[in-house]
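What follows is each chain in one-letter form.
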Amino acid sequence: MDITLPRDLEAALAAAAAAPDATILAGGTDLMVGVNYHGVRPSAVVAIRRVAELQEWEDRFIGAGVTYRRLEAGPIPGLAQAARTVGSPQIRSAGTIGGNLGTASPAGDTLPFLAAVDASVVLRSTAGERVLRWDEFITGPKRNARGPGELIIGVRFPDRLPRRQAFAKIGVRSAMVIAIASCCVTRDEDGTTRVALGSVGPTPIRARRAEEMISAESRPTEATLTEFSRLVADEVRPITDHRSTAEYRRYASGVMARRLLERVLS
Amino acid sequence: MTTLVRPGIVGGVGTSLLRPDGIPKIKGEFAFSSDLEAEGMLWGATVRSPHPRARIVAIDAAPALAISGVRTVLTQDDVPGSGHFGLERPDQPVLAFGETRYWGQPVAIVAAEDHETARRAADAVRIEYEVLAPLVDPAEAVRLGSTFRTIEIRNGDPDAHGEIVVTGEYEVGMQDQAPLGTESGLAIPDGMGGVDLHIATQWLHADHEQVVAALGLPPDQIRLHNAGVGGAFGSREDISLQIHLCLLALRTGRPVKMVYDRAESFVGHVHRHPARMRYRHEADRDGTLVRVEADLVFDGGAYASTSSAVLANGCYFAVGPYRAKSVHITGASARTNNPTAGAMRGFGAPQPCFAYEAQMDRLAAALGMDPVALRLRNALGTGDRIPTTNQVIVGSLPTREVIESVAAMPLPDPETADDPRSLPGGTGLTTPPGAVRRGIGFAVGIKNLAFSESFDDFSEVRGVLTADGLELHTAACENGQGMVTVLEQIGRSASGLQRVTVVFADTSKIGSAGSTSASRQTQMTGGAALRAATAVREEALRRGGGDHLDDAGVWRGGRLVAPLAGLLGDGPIEHLERFRHPPTAKPDAFGRGDVHAGFVVAAHRAVVDVDPELGLVRVVRLDTAQDVGRALNPLSILGQIEGGIMQGVGLAVMEEIVLEGGVMKNASFTDYLLPTFLDAPQVEAILVEQPDHWGPFGAKGVGEPPTISSTAAVAAAIRDATGAPINRVPVRPQDIAFGSPESPVTSHQQAKSPRPRS
Ligand SMILES: Cc1cc2nc3c(=O)[nH]c(=O)nc-3n(C[C@H](O)[C@H](O)[C@H](O)COP(=O)(O)OP(=O)(O)OC[C@H]3O[C@@H](n4cnc5c(N)ncnc54)[C@H](O)[C@@H]3O)c2cc1C
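Same order as they appear, the protein sequences are chains A and B. First residue of the first sequence: 1, per our numbering; consecutive thereafter. First residue of the second sequence: 1, per our numbering; consecutive thereafter.
Hints may contain errors.
[To be verified] Covered stretches of chain A (chain B as the covering partner; in silico rule of three or more C-beta atoms under 8 Å from a C-beta of chain B):
1. 14 to 26
2. 73 to 85
3. 170 to 177
4. 239 to 245
5. 251 to 257
If you are wondering where the hints come from, they were derived from the structure by calculation, not from laboratory data. Don't be surprised by glycine CBs; every beta carbon is placed ideally from N, CA and C.
Could you put together the complete structure from these sequences and hints?
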């Protein structure tokens, strides 16, 4: 197994181009579980932790190598709240937003926020750069559109982030738990509301009918809140597995979205 | 023999002496069994069945043997001797042959030059299976007569009935012991056909007996040595890799090491029995419990392990620490193709406790009575008879005192926490304070101490006086509970010597100490240590001709007459003591008899905050009063209480192995959820000291009671907060969110009172 330890982006891209099927290693918090428990045996590894360019965080761009530790302490409330729910302090010190995208698990905790704000994923290879919207990038459960030799460089946000943001995640343990369901709700001064949910479908899901309905309401009444909750529950596509049931996930999506809406309205 | 506590001893019984292994463990300096190494060592790995039930058609080791560095691949054909093991009966093959009976059953073992190669070799062994339909429903197994044991207990007046009737059905999921140290050990061949096995276990001699029988070796060819144990909780009572290691070492002539990873550990040991229980309680209007009927089905899984004894415990304690005039209990441990169940902290007592305590609360509600008052009215005490076995309680049993003590403890502030992490949902920020409802629940549990049903239960300790002080030699296993410390304390108080050390002896040097389980080592090995230390002291005083012994030597009338070394001129002072508790009997055909050596009770009160809409729970507080006989080391007891409560809380709200057709869906710490620090409730504990009749200084075992009723108390608190029926633990969010207050539990008055009311 070849392991390359590039120190800058150019070297990293060169290494990825030289071995297009190389596995990218960031914090390793997903990859090493694969190695230790699921028989993953990469033929070549490009370890990107030392690549300074990937650590950058400038206003509307977050480098792929930014850890949960930094996101948690950062200025974007929806993302900070999501980052705080990830794993343990050790995992949050090592795990990165780029890795969360690379894994593209339905339970990835940063993904509902990225979906809610319509973030884009910046990919680059020696051949050039591609910018894909989140729903072009995440193509299915643990599947994404990254091509051979491409690195995830980071995520880019639209010009302005919504003023109010709130995130919640359901698990039966108070910390360090994979989401049974998660949700991010954002709202702007003009009432524009976005609702994205995780762990209740093959990819993050936007509850667009609920968004449309509630965005038009300047002062939602009890009845509209109930209707909003019902629409969200209607739009998710959960499954039953060892963590929970489809029925509970659907129901809880509605409850959570309504509570988060109340949080961003208050 | 009367023994007095000697004045002037530091670190004798009754003090909160710190453990010698505590700081090294925290600093990472303690050597666990997984840290052992030997020159020229190979690594072993296990090939496991991917099917709960399948016929083994063919095993092809060639692809594994073709890998460079692979030294051997062994199957059941390579096992000499009986080839079988088992704690109650040797029903499990060392390696599966013919048919596999559970998911993850070992089918072959390999040894290779390094860990990675051994794992690759295990993956490379080609096994052809014919998949068969597994039997996974325990109720169906019982119907088919596929059981390890069935029990019927009848006691009291069969015609006695009460006016108020409460019935219910309850279920307990499969809990894992989840010790942080996985199974591991190192086998070193002695070059003369024998093996020294260094192993983390709970009972060296039981392992030894099974290893030599399975391999057909003379007992003195195999010696088992204690290696650092990373927790056990019952998971190390059964054989896991012991026989495999010895076999590989004998075959290769090289030391062999094995360490399970976490996923393998989940299939590598037995679990707590999942249970389904049907109950009917009848009481008089004044709250006197008249009649209890129960039917208990425990899923024993694929092999016998300790299923018979676990089921017996479940049935014997099916009524709880209460009197009842008439009892009818039926029980069965089912033989299925689920993972094998066996020993886990509480050993059959926590399952019925969850059910009978729910029943007591429902009875209280039906009677319009305070639940604490109902329990006090029926509380068992010394001189009463156990309602199932009819055994008279001879030792102490302060049921009333533990209930009253907990009930009198102050409740926490009714305000929910400001820190959002302390609300239900924790860091997930699901739950605003306004969505929280608080509940309070109460439960009491009872269990036997040490081994029962005529088992010859003993422990050996050899006391040896040296010029440096007293050594206590034992084969007992320190599982991290603090046994070494308490033995030293007992040795000091009994001998008068300050310098007391515990020496771990291998199986060739001393007889059995029995298992580190059943809450028994403080009483049993402690009892043997007390006798051995006392005997050493008496001989030292006799030889020295004095009246007082300390580290300097023997004194007479305040004058040193013989230094310690001087006492040994006529040969060593050594006393081997074998301690037995009062004998127990086999039950009669209806489960009656003096089957137990002693009893212990504890009471718990849980305070929970629940988000009823999302079904999320945070256990805020768990207070307890525990019957300890005599507190030999209060700090150690607190450690057992806090840890045991965490395991009880885990079973109440999150710890469950999820099975689908016999296959584990969550054999990892990603999805088998153990409580974290954020999930840990505050614990206040009261130790109720009423000396028992046979433990050293009146001590009782303290390891299991914290786990028995803490689960039931949490479930009761959730019911109190939500009105949901909560007939199953672990409680899942949907059980709370969707649980309708209309439950399958009913309470009613007898339609026709069988006896005319006066
Ligand atoms: C104990 C534990 C708890 C966890 N808890 C959570 C949780 O609560 N919520 C959650 O969402 N996740 C959780 N995870 C999963 C994991 O921590 C996250 O998905 C994390 O974001 C992965 O980041 P990483 O940097 O460690 O990625 P790695 O493991 O290094 O990589 C993950 C994948 O992404 C690819 N990759 C990484 N970076 C790039 C890049 N720049 N370009 C191209 N491909 C890349 C890798 O090749 C690999 O396929 C947990 C993991 C563990 C072990």
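Which of the listed hints are not met by the structure?
Hint 1 alone not satisfied by this model.
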